[in-house]
Amino acid sequence: MTLVELELLLRRRRVWLCWALLCALPALVAVLLAVTGLAPPPGRGGAFLSAVVSNGQLFPAAALALVLPVFLPITVAIVAGDAVAGEASAGTLRYLLVRPVGRLRLLLAKLVSVTVFVLLAVLFVTVTGYLVGVALFGFGADAELGGAGGVTSLSGAVLSPAELLARTALVVGYLALCMLALGAVGLFFSTLTDSPLAAALGVLALVVASAALQPLDAAGAIEPYLPTAHWLAWIDLYRDPILWAAVREGAAVQAGYVLVAFGAAWANFATKDVTS
Amino acid sequence: MVDVIATQGLMKRYGRVTAVAGVDLRIPAGIRFGLLGPNGSGKTTLVRMLLGLVHATAGEVELLGEPMPRRAAHVLPRVGALVEGPAAWGNLSGRTNLRLIDAAGPRGRGRRQRVDEALERVGLGGIDGRPVRAYSLGMRQRLGIAAALLREPELLLLDEPTNGLDPRGIGEIRTLLTALNDAGTTVVLSSHLLGEVDALCHRVGVMDAGRLVLEEDLAALRAPTGRVLLRTPDPAAVVAELDGRVVDRSGDRLVVRHDDPAALNARLVAAGIPVAELVPERRSLEQVVLELTGHGADRVDAPRAEARP
Numbered sequence: 544m545t546l547v548e549l550e551l552l553l554r555r556r557r558v559w560l561c562w563a564l565l566c567a568l569p570a571l572v573a574v575l576l577a578v579t580g581l582a583p584p585p586g587r588g589g590a591f592l593s594a595v596v597s598n599g600q601l602f603p604a605a606a607l608a609l610v611l612p613v614f615l616p617i618t619v620a621i622v623a624g625d626a627v628a629g630e631a632s633a634g635t636l637r638y639l640l641v642r643p644v645g646r647l648r649l650l651l652a653k654l655v656s657v658t659v660f661v662l663l664a665v666l667f668v669t670v671t672g673y674l675v676g677v678a679l680f681g682f683g684a685d686a687e688l689g690g691a692g693g694v695t696s697l698s699g700a701v702l703s704p705a706e707l708l709a710r711t712a713l714v715v716g717y718l719a720l721c722m723l724a725l726g727a728v729g730l731f732f733s734t735l736t737d738s739p740l741a742a743a744l745g746v747l748a749l750v751v752a753s754a755a756l757q758p759l760d761a762a763g764a765i766e767p768y769l770p771t772a773h774w775l776a777w778i779d780l781y782r783d784p785i786l787w788a789a790v791r792e793g794a795a796v797q798a799g800y801v802l803v804a805f806g807a808a809w810a811n812f813a814t815k816d817v818t819s
Numbered sequence: 007m008v009d010v011i012a013t014q015g016l017m018k019r020y021g022r023v024t025a026v027a028g029v030d031l032r033i034p035a036g037i038r039f040g041l042l043g044p045n046g047s048g049k050t051t052l053v054r055m056l057l058g059l060v061h062a063t064a065g066e067v068e069l070l071g072e073p074m075p076r077r078a079a080h081v082l083p084r085v086g087a088l089v090e091g092p093a094a095w096g097n098l099s100g101r102t103n104l105r106l107i108d109a110a111g112p113r114g115r116g117r118r119q120r121v122d123e124a125l126e127r128v129g130l131g132g133i134d135g136r137p138v139r140a141y142s143l144g145m146r147q148r149l150g151i152a153a154a155l156l157r158e159p160e161l162l163l164l165d166e167p168t169n170g171l172d173p174r175g176i177g178e179i180r181t182l183l184t185a186l187n188d189a190g191t192t193v194v195l196s197s198h199l200l201g202e203v204d205a206l207c208h209r210v211g212v213m214d215a216g217r218l219v220l221e222e223d224l225a226a227l228r229a230p231t232g233r234v235l236l237r238t239p240d241p242a243a244v245v246a247e248l249d250g251r252v253v254d255r256s257g258d259r260l261v262v263r264h265d266d267p268a269a270l271n272a273r274l275v276a277a278g279i280p281v282a283e284l285v286p287e288r289r290s291l292e293q294v295v296l297e298l299t300g301h302g303a304d305r306v307d308a309p310r311a312e313a314r315p
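Listed in order, the protein sequences are those of chains A and B.
Taking this note's numbering, the leading residue of the first sequence gets 544, the next gets one more, and so forth.
Taking this note's numbering, the leading residue of the second sequence gets 7, the next gets one more, and so forth.
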């Protein structure tokens with residue numbers, strides 16, 4: 544069932560469109576920066592944007608920072624919201640279940656497919672960011688400091704390309720986990736309704752609500768448990784030495800979301816009457 | 007004979023609405039069974055409960071001798087089903103749809119051949135790579151039946167299998183189902199096309215308002231009613247000859263109470279009365295069903311004026 548699910552994912556035009564658009568936004572920003580040379584001053588604009596002009600290798604980080612707040616969650620909401628509700632509204636859900644595919648197996652396959660989607664989404668953005676960044680901005684003047692291709696970390700020390708690659712891989716993993724948490728919530732919502740749109744909007748509502756509560760002092764007590772609270776912790780992975788505390792806490796909270804949301808999805812779906 | 011489907015006191019409530027109210031249904035192996043009833047009479051909910059898609063509020067279901075939905079993983083591979091119309095992934099071709107739906111189920115060898123065979127059987131053998139989105143209603147229906155046939159099921163549960171097909175297509179599907187049944191597959195179809203059921207089935211069940219109001223062999227339903235329909239140019243002579251036996255008369259048509267049409271014919275001819283037409287009366291399936299069932303749930307009459315406060 545998992546292989547079937549992956550084939551269904553990869554054959555969906557919508558999925559490729561999501562990936563293409565995710566990659567297109569950072570590429571557009573890179574082109575605009577390269578053409579005008581008007582990078583935002585340090586400390587303003589998107590994270591890393593001021594630095595990329597001097598070193599294209601930082602552009603993947605800037606690209607991730609660009610798509611993370613809105614664009615990436617939207618695509619995750621669309622794909623995860625479609626997971627069960629899409630099959631229900633198309634009627635294929637009943638035929639899968641009488642084939643038979645066990646309900647838990649179906650949900651697990653859906654979770655795997657959402658995982659693959661978010662992982663590839665983050666990965667594609669990173670790779671596109673790197674290619675576009677290096678092509679437009681080169682390896683940068685910092686190279687002289689730490690040998691060929693060296694990058695200055697946020698803390699000022701110089702990272703070798705291998706270190707940079709390792710840290711970028713960590714960032715990809717971390718952000719994929721953050722998005723998977725959202726995806727698992729989407730999967731849960733998707734079992735509640737037969738409308739993919741409603742499930743996707745539910746996920747976006749959660750993101751917006753969380754982002755609205757986050758800066759509120761009065762919401763301080765629940766702030767660490769908001770889904771969006773730890774999304775920016777990945778920036779710490781580019782410090783030297785890495786500041787693990789926020790990343791570790793973020794990973795724990797996001798993994799918690801995945802577990803709870805998937806458990807809720809299963810609890811709801813296992814005994815649900817399929818009338819679609 | 008073994009029952010392929012046996013339910014006991016099967017009931018389903020959705021909130022305050024009772025969709026199926028205590029159905030005891032037994033369908034023996036090897037027959038062609040027709041499930042009839044108006045819209046909203048609970049046919050589809052019943053079928054969904056048989057397949058474990060909907061969980062019963064009360065009662066038991068046994069499918070192929072195994073309790074459902076507990077043994078679904080074991081039983082359902084031996085059942086082919088079409089539930090409330092076909093469904094497919096619209097962006098994929100019919101062949102890919104079948105391949106994926108087959109791959110989703112338990113492992114099995116020879117998938118490509120199985121898919122080809124199923125397509126061949128429903129008359130889609132030469133189908134190209136067009137996405138299902140572009141299929142006509144009839145093609146989708148055939149594809150849905152092909153999906154139900156994939157694993158050579160022992161039991162076929164088909165909901166409105168000829169929906170969207172033209173008369174020739176209906177004929178083809180009827181031939182296919184008859185052939186499958188002859189080879190040992192039990193065929194259960196639900197329909198509100200009485201002609202379909204009439205032409206195909208051995209036995210029928212009639213549902214109304216969530217209850218199974220009749221379960222009977224079609225042959226018994228269609229047994230002669232003990233009346234004879236008679237047409238003659240001289241009805242007055244018949245009334246005179248068969249005094250008291252004539253039940254109804256309109257123009258040259260008469261309804262006569264008589265058990266033996268041959269004897270009746272001989273008697274009339276002996277009396278010199280010309281007979282233009284003489285046939286034993288049989289109840290049609292339509293009459294039976296209409297007598298037994300009320301309006302479907304899709305008709306909602308306004309309350310009568312005097313009932314209003």
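Just so you know, the hints here were simulated from the structure itself, not pulled from any lab data.
If you're wondering where the values come from, they're calculated on a predicted model, not measured in any experiment.
Among the hints, a few may not be true.
[To be verified] So the derived label-pair ranges between C-beta atoms look like this:
hint	chain 1	residue 1	chain 2	residue 2	range
1	B	R32	A	T545	38 to 46 Å
2	A	T814	B	D254	50 to 58 Å
3	B	R180	A	S738	56 to 64 Å
[To be verified] Chain B stretches covered by chain A per the calculated footprint, using a threshold of three residues with CB under 8 Å from any CB of chain A:
hint	stretch
4	89 to 100
5	241 to 249
6	273 to 280
[Stated by the list, open to error] Cβ-to-Cβ under 7 Å is the rule here; a few derived chain A residues that face chain B:
hint	residue
7	W562
8	V641
9	P643
Every residue, glycine too, gets a C-beta built ideally from N, C-alpha and C.
Worksheet item: For this structure, which hints from the list above don't hold up?
Response: Result: hints 3, 5, 6, 7 break, sorted rising.
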